[in-house]
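Chemist: Residues per chain, in single letters:
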Amino acid sequence: MEIRENRLEIKDFSLYYHRTKALEEISMDIPEKKVTAIIGPSGCGKSTLLRSINRMNEMIDGVLTEGRILLDAENIYDRSIDVVELRRKVGMVFQRPNPFPKSIYENVAFGVRMGENKQAKGRLEEVVERSLKEAAIWDEVKDRLQRSAMELSGGQQQRVCIARALAVEPEVILMDEPASALDPIATAKIEELIFKLKEKYTIVIVTHNMQQAARVSDQTAFLMLGKLIEYGDTATIFTNPKNKTTEEYITGRFG
Amino acid sequence: MSLQKKRFRYLGESLIEGNIKITAILAIIAVFLIFLFIMRESLPIFFSQEVMQEITFGKLFHGIEWQPVSDNPRFSMWPIILGSLKVTMIALVFAVPAAIGAALYSSEFAGPRLKEFIKPVVELLAGIPSVVLGFFALIIMASFLKSIFGWTYRLNAVNAGIALGFAVIPAIYSLAEDAINAVPRSFREAALGLGATPWQTATKVVLPAALPGVSAAVLFGMGRAVGETMVVLMAAGNAPLFSFNPLESTRTMTATIAAELGEVVFGGGHYHALFFIGLALFLVTFVINTVSWVLFDGLMNRLYGAKK
Chain A
909 MEIRENRLEI
919 KDFSLYYHRT
929 KALEEISMDI
939 PEKKVTAIIG
949 PSGCGKSTLL
959 RSINRMNEMI
969 DGVLTEGRIL
979 LDAENIYDRS
989 IDVVELRRKV
999 GMVFQRPNPF
1009 PKSIYENVAF
1019 GVRMGENKQA
1029 KGRLEEVVER
1039 SLKEAAIWDE
1049 VKDRLQRSAM
1059 ELSGGQQQRV
1069 CIARALAVEP
1079 EVILMDEPAS
1089 ALDPIATAKI
1099 EELIFKLKEK
1109 YTIVIVTHNM
1119 QQAARVSDQT
1129 AFLMLGKLIE
1139 YGDTATIFTN
1149 PKNKTTEEYI
1159 TGRFG
Chain B
818 MSLQKKRFRY
828 LGESLIEGNI
838 KITAILAIIA
848 VFLIFLFIMR
858 ESLPIFFSQE
868 VMQEITFGKL
878 FHGIEWQPVS
888 DNPRFSMWPI
898 ILGSLKVTMI
908 ALVFAVPAAI
918 GAALYSSEFA
928 GPRLKEFIKP
938 VVELLAGIPS
948 VVLGFFALII
958 MASFLKSIFG
968 WTYRLNAVNA
978 GIALGFAVIP
988 AIYSLAEDAI
998 NAVPRSFREA
1008 ALGLGATPWQ
1018 TATKVVLPAA
1028 LPGVSAAVLF
1038 GMGRAVGETM
1048 VVLMAAGNAP
1058 LFSFNPLEST
1068 RTMTATIAAE
1078 LGEVVFGGGH
1088 YHALFFIGLA
1098 LFLVTFVINT
1108 VSWVLFDGLM
1118 NRLYGAKK
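Protein chains in written order, with the working numbering: chain A, 909 to 1163; chain B, 818 to 1125.
Pulled out of the complex, with its shape left as it was, chain A reads as follows (with noise of 0.2 Å):
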């Protein structure tokens, strides 16, 4: 018997913004080490749903949710929690490159010089190279990490907010729109490495670009007014959808 290992499941998760539904009732499976793309037309509520994975939508007020989101079996919406502990294995990256205005190699290390783990504390400099390493991006700023990151390009900065991102050694990586802000080679560069980084990390990815998600992902959800209208195998959505909403939504009628 297969046993498909799930780190992360959704289980029947509203969330209210004041008064309004803005997500319905969603349960779905995201597989390990797997990419799972949640795509559907503006204001669908995808980017809550990908926020709502590390509980970033906390920072806004009126927010609400029901339901449970389990990491490892453990629902992150209980009470006994630390969010501090489950954004450190849930990381984030945004739609827009967000580097801090420091120099490139801090921006790297900012997260483990945050956290507690003294042993990557110690060996800072291996850590912030291989992050940059695994990103994509060591031989374009080697030789100048001490400068601004602020300097960089825009798909540029965005490999090092990734390289952020994998320094402290998080489970699973959030990615919202984040090719959505770049040029069509920086967008390139960025898949590639997604495709590479689903070796070892579970990636859910936001994305308005439905040839995006069909390019880089293994799993589609799509999303409507805040329901999920179909999930699974992305080559099932893409070529064979089982719902007409979905299907009207792939072929471009509507979006």
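Note that these hints are calculated values from the structure, not bench results.
Among these hints, one or two may not hold up.
[What the hints assert, rightly or not] As a list, the in silico PhoX-like pairs of lysine-lysine whose alpha-carbon atoms are at most 20 Å apart: (1) Lys1050/A to Lys1097/A; (2) Lys1097/A to Lys1108/A; (3) Lys942/A to Lys1104/A; (4) Lys1029/A to Lys1041/A; (5) Lys876/B to Lys1029/A; (6) Lys1026/A to Lys1021/B.
Remember, predicted model here, so these are calculated numbers, not experimental data.
For this one, chain A is given, so just place chain B on it according to the hints.
Modeler: Relative to the frame of chain A, chain B by itself:
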């Protein structure tokens, strides 16, 4: 639409524009004229034979006594320079942590309602006339501090420094808060997303990112402190002693001008000496502003890269 109407509107626009331009130029001219006037009144120290019998540039920096009204007048600026320095430093030691702490708290940690309360209240502090602050320091605070710490002199540099601190806190707070608020939300999200605590996010990301603006705020506060007169005139004890002891009475450059200019012989050596102090204050402010610019640009370059 007819051409006539457009031309009328154009005329209106250019009238407004011209008005604003003239106002701006007048302001600049006013500052320039004030500077020229102070220059003119202090220059005789260098050139006028008559004045130089009484006072010279050298005498202003010779010795350690400021005794302008005596049989043997002495005009050393050192005690009052030291006084200004002492009181300003004490004020900043007191005001900078308080103001920046308050700014960080109100923009990073306070809830929206508390935030709406703190900002106007601190800024209200700016509205307290400095004579009232000075009065408070002179009558109430001085006795209070003396009874607690058992100081020998009620009115001293620490007493004046703390009162002066109150006077500059709103200015530093207001500018620092603006700088901290201007830090993009995305930095905060990135830090929290990497597992930083809110405190780490505030102190390790937000505050450093706002450092150019915050340091400009501190230097602005310093300029204010150097120039503030009434508080130090009332609360410092007004003895121009050359002493590094912060618990002795002291007197600042500004207080010296304020206290003595009213009773000075018009056009005499003492008169010109006071204007020279004014010129020196002017230059100090100018230097502080310049340092502030250079520091701001340097920090911006280091943090945000050379391209911006």
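Chemist: All hints are to be evaluated individually against the structure, with a verdict given for each.
Modeler: Taking the hints in turn, this is what the structure says about them:
1. Proposed proximity of Lys1050/A and Lys1097/A is supported: the alpha carbons are some 18 Å apart, at most 20 Å.
2. Between the alpha carbons of Lys1097/A and Lys1108/A the distance comes to roughly 18 Å, so the proposed pair stays at or under 20 Å and holds.
3. Between Lys942/A and Lys1104/A the CA atoms are separated by roughly 11 Å; this keeps the pair inside 20 Å, and the hint holds.
4. The straight-line distance between the Cα atoms of Lys1029/A and Lys1041/A is roughly 18 Å, inside the 20 Å bound, and the hint therefore holds.
5. Under the criterion of a C-alpha separation no larger than 20 Å, the hint pairing Lys876/B with Lys1029/A is inconsistent with the structure, at around 60 Å.
6. Taking the CA atoms of Lys1026/A and Lys1021/B, the gap is about 19 Å. The hint holds against a cut of 20 Å.
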